[in-house]
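Chains as they are written, first to last, in my numbering: chain A, 1 to 290; chain B, 291 to 595.
These aren't lab readings, by the way, just hints derived from the structure by calculation. Treat the hints with care, as some may be off.
The calculated DSSO-like cross-link candidates involving lysine-lysine, where the alpha carbons are at most 27 Å apart (straight line), are [as the list claims (entries may be wrong)]: (1) B:K342 - A:K108; (2) A:K108 - B:K523; (3) B:K346 - A:K108; (4) B:K399 - A:K102; (5) B:K439 - A:K108; (6) B:K307 - A:K185; (7) A:K108 - B:K353; (8) B:K366 - B:K353; (9) B:K304 - A:K102; (10) A:K277 - B:K399; (11) B:K446 - B:K531; (12) A:K133 - B:K346; (13) A:K69 - B:K523; (14) B:K296 - B:K307; (15) B:K402 - A:K108; (16) B:K403 - A:K102; (17) A:K185 - B:K402; (18) B:K403 - A:K277; (19) A:K62 - A:K192; (20) B:K342 - A:K133; (21) B:K307 - A:K192; (22) B:K366 - B:K296; (23) A:K277 - B:K346; (24) A:K222 - A:K62.
Some chain B residues near chain A, calculated using beta-carbon distances under 7 Å [unchecked claim]: (25) P316; (26) Y319; (27) F335; (28) T409; (29) G422; (30) Y451; (31) Q453; (32) Y454; (33) I458; (34) V460; (35) L534; (36) G538; (37) Y541; (38) G555.
Quick caveat: nothing in here was measured; it's all calculated off a predicted structure. Glycine included, every Cβ here is placed at the ideal spot set by N, Cα and C.
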Amino acid sequence: MLKTRKANGVFDIVNTIILVLVGFITLYPMWYILIVSLSSAQHINAGDISFWPRGFNISAYKIVFANDKIWRSYANTLLYTVSGTIINVLMTTMCAYPLSRKDFYGRKPLTMIITLTMFVSGGMIPLYLVIMKLHLLNTMWAIVLPPAISTYNMIVMRTSFESIPISLTESAYLDGANDIQIMQKIIMPLSKPILATMTLFYAVSHWNSFFPAMLYLNDQDKYPVQVLMRDIVIAGDMTSDSGDVASNINILATNYKYAVIIISIIPILLVYPLLQKHFTKGVMVGAVKG
Amino acid sequence: MSRHAKGYARKQMKRCKYLYIIMILPLLYYIVFHYVPLYGVVVAFKDYNIVKGILKSPWVGLKYFQKFVSEPYFWKVVRNTFLMSLYNILWGFPVPIILAVLLNEVTRKRFKKVIQSITYLPHFISTVVVCGMLVNLLSTDGLINQVIKGLGGTAKQFLMYPQYFRTIYVASSIWQSAGWTSIIYLAALTGIDQEVLDAATIDGANRIQRIWNVTIPAITPVISTMLIMNLGKMMNLGYEKVLLLYNGSTYETADIISTYVYRRGILGNSFSYATAVGLFQSVIGVVLLLIANAVSKKLSETSLW
């Protein structure tokens, strides 16, 4: 018995070490970006920054915050995220509610037609041609309309609606309510948790989305943060701020790029506690079948 | 249809009138943004011309399919897609399972929660940020090269060498998704009967024996379903990351079908050619998914539909 206990102790220690290491590997890259963005040019050049900022320096952030382009792209992202998410939640609810009703005539064929789109799609080019034909290219509608309903989310929502007792709907019928009123006054108030989950789910995907904007928008003024960030951080395009960065001996392009990365992660970090709570539930609900 | 049945249908439809009204917009959405593009796949069989539109462009049959199958570069792109997916599954698939098992063995709740919170986080970081970090950490004066120089090696511009691309892609994918995917296995692990675990302990099994003989077999159905589904989704490799990380000097290993479609179609304006290539990818993807689903049905009676 004593021997097993000792072996257990060793196991626990090794396990803890491995998990701490995993945690470190996950966090360190982000931490490193943060501390470098806050360090002085000399220390970055010397490459001696490892766990804390050295030569504490926030000039990069000052330049980033003084950049109109960045503010504009933030405003764009906010616009796409808010309007996109409102469309998402409304459309997903309107699709999920009728399909959740077992007495809905046509439920089976409509469900099939819709779920089929999860498995077959026309692909990148045909969708692009449709958006072009609708004259949506280079407008915000090209960003917010094509992903209006995520079929996967819709199924999660439908499953959640199905769990509301049918007796509530029936008594509302007796009181003379129609289906639209029932959805608004009974189903939606009872579904606040799933609506909150969906709102977060969609909002994060809009916030992080980059490919549609790259594909459909030409106008720099319409770029969301993610596309601008690609230009600055990955392609190294500093045209908007190169003057400020070059003339400031305290900072390097590195500071500037890392500061841009950090300010784009901050909103996600702020809502992360909420996200974690709702999303882990969402993953589990999603385990149900279509 | 008999008159009686017709009357019944009409009555039912009238009863559900408001439900149809609610569904008008969603249905319109599915038609415009899913079914019309599905129809748009016909441009693969036509010589699409923007001015003429889909309907008036002339049919050319399999011209574009013959064209791409005869190009060696196309097969290289197909090979890259499969290899990148395969390595992604080979290295990436076991990590969340191991992570879940290790987390499950932790007795201190707080520590477990902290590690979970940390490992789920990358799932919410955008692809652009992940790639931005990679580009900078892997640059000649980035973190990785500083470590290498510190150990006496020479700095390398990793993203310029085709031989490192897959490693970078796979490793960063693990970083992004391992924690998040472990949720599914953790959920399966909580379903294990505590009595069975206690019985194993009384029989003298140590922790590793218990993991190997009780825990892992208990979640094998979930593992096999997940594996089959992953294999079924092999063609849907995340291309955004490739698009952000690759460059002319790494196309040799980095260029996959989706990025090729993007370059030829959108940037090169060869809409018909790119649609044909995309259709090839979709068809293989659907076939793989059907196979995966059939296998999964046979093995564990769980299926996608």
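Taking the hints in turn, this is what the structure says about them:
1. The suggested pairing of K342 (chain B) with K108 (chain A) is violated, with an alpha-carbon distance near 38 Å, which exceeds 27 Å.
2. For a cut-off of 27 Å, the pair hint linking K108 (chain A) to K523 (chain B) stands: about 26 Å separates their Cα positions.
3. For the proposed pair K346 (chain B) and K108 (chain A), the alpha carbon gap of about 36 Å is over 27 Å, so the pair is violated.
4. At roughly 42 Å between alpha-carbon atoms, K399 (chain B) and K102 (chain A) are farther apart than 27 Å, so this suggested pair is violated.
5. About 63 Å separates the Cα atoms of K439 (chain B) and K108 (chain A), which puts this hinted pair outside 27 Å; it is violated.
6. For the hint linking K307 (chain B) to K185 (chain A), the alpha-carbon distance of about 18 Å falls within 27 Å, and the restraint holds.
7. Under the criterion of a C-alpha separation no larger than 27 Å, the hint pairing K108 (chain A) with K353 (chain B) is inconsistent with the structure, at around 39 Å.
8. At most 27 Å may separate the alpha-carbon atoms for a hinted pair to count; K366 (chain B) and K353 (chain B) meet this at roughly 20 Å.
9. Restraint check: the Cα-Cα separation between K304 (chain B) and K102 (chain A) comes to about 16 Å, which is no more than 27 Å; the hinted pair holds.
10. Proposed proximity of K277 (chain A) and K399 (chain B) is supported: the alpha carbons are some 16 Å apart, at most 27 Å.
11. The straight-line distance between the Cα atoms of K446 (chain B) and K531 (chain B) is roughly 21 Å, inside the 27 Å bound, and the hint therefore holds.
12. Restraint check: the Cα-Cα separation between K133 (chain A) and K346 (chain B) comes to about 14 Å, which is no more than 27 Å; the hinted pair holds.
13. This hinted pair does not check out: K69 (chain A) and K523 (chain B) have alpha carbons roughly 39 Å apart, beyond 27 Å.
14. Only pairs whose Cα atoms come within 27 Å are accepted, and K296 (chain B) paired with K307 (chain B) is accepted, the gap being roughly 16 Å.
15. With a CA separation close to 43 Å, the supplied pair K402 (chain B) and K108 (chain A) exceeds the 27 Å bound.
16. For the hint linking K403 (chain B) to K102 (chain A), the alpha-carbon distance of about 40 Å lies beyond 27 Å, and the restraint is violated.
17. Proposed proximity of K185 (chain A) and K402 (chain B) is contradicted: the alpha carbons are some 41 Å apart, above 27 Å.
18. Distance restraint check for K403 (chain B) and K277 (chain A): the Cα-Cα separation of roughly 12 Å lies within the 27 Å cut-off, and the hinted pair is therefore satisfied.
19. A threshold of 27 Å between alpha carbons decides the hint, and for K62 (chain A) with K192 (chain A) the separation of about 40 Å lies outside it, so the pair is violated.
20. As the CA atoms of K342 (chain B) and K133 (chain A) are separated by approximately 12 Å, the hinted pair is consistent with the 27 Å bound.
21. Our distance criterion of 27 Å between C-alpha atoms is met by K307 (chain B) and K192 (chain A), whose separation comes to about 26 Å.
22. Proposed proximity of K366 (chain B) and K296 (chain B) is contradicted: the alpha carbons are some 56 Å apart, above 27 Å.
23. For the proposed pair K277 (chain A) and K346 (chain B), the alpha carbon gap of about 53 Å is over 27 Å, so the pair is violated.
24. About 23 Å separates the Cα atoms of K222 (chain A) and K62 (chain A), which keeps this hinted pair within 27 Å; it holds.
25. This hint holds: P316 (chain B) has a C-beta 4 Å from the nearest C-beta of chain A, less than the 7 Å allowed.
26. Interface hint status for Y319 (chain B): upheld, as the beta-carbon distance to the closest one in chain A is roughly 5 Å, under 7 Å.
27. Taking 7 Å as the C-beta cut-off, the interface hint given for F335 (chain B) is violated, the closest approach to chain A being about 12 Å.
28. Satisfaction of the interface hint for T409 (chain B) is found here, the shortest Cβ-Cβ separation to chain A being roughly 5 Å, below the 7 Å cut-off.
29. Taken as an interface hint, G422 (chain B) checks out: its beta carbon lies about 4 Å from the nearest beta carbon of chain A, inside 7 Å.
30. Evaluation of the Y451 (chain B) hint against chain A yields a violated restraint, the C-beta minimum of about 17 Å exceeding 7 Å.
31. The beta carbon of Q453 (chain B) comes no nearer than 21 Å to any beta carbon in chain A, farther than 7 Å, and the hint placing it at the interface is violated.
32. With a cut of 7 Å, the hint placing Y454 (chain B) at the interface with chain A is violated, because the nearest CB-to-CB distance is about 17 Å.
33. Taking 7 Å as the C-beta contact cut-off toward chain A, the hint placing I458 (chain B) at the interface is violated, the least distance being around 13 Å.
34. Checking V460 (chain B) against chain A by beta carbon gives a least distance of about 15 Å; that is not within 7 Å, so the hint is violated.
35. Proximity of L534 (chain B) to chain A holds as hinted, the smallest CB-CB distance being about 6 Å (cut-off 7 Å).
36. Hint status for G538 (chain B) relative to chain A: violated, with the closest Cβ pair at about 14 Å, above 7 Å.
37. Annotation: Y541 (chain B) was flagged as interfacial toward chain A, and the flag is violated, the nearest CB pair being 17 Å apart, outside 7 Å.
38. A distance limit of 7 Å between C-beta atoms decides the matter here; for G555 (chain B) the minimum to chain A is near 4 Å, and the interface restraint holds.
Checked against the numbered hints above, the structure breaks hints 1, 3, 4, 5, 7, 13, 15, 16, 17, 19, 22, 23, 27, 30, 31, 32, 33, 34, 36 and 37 and satisfies the rest.
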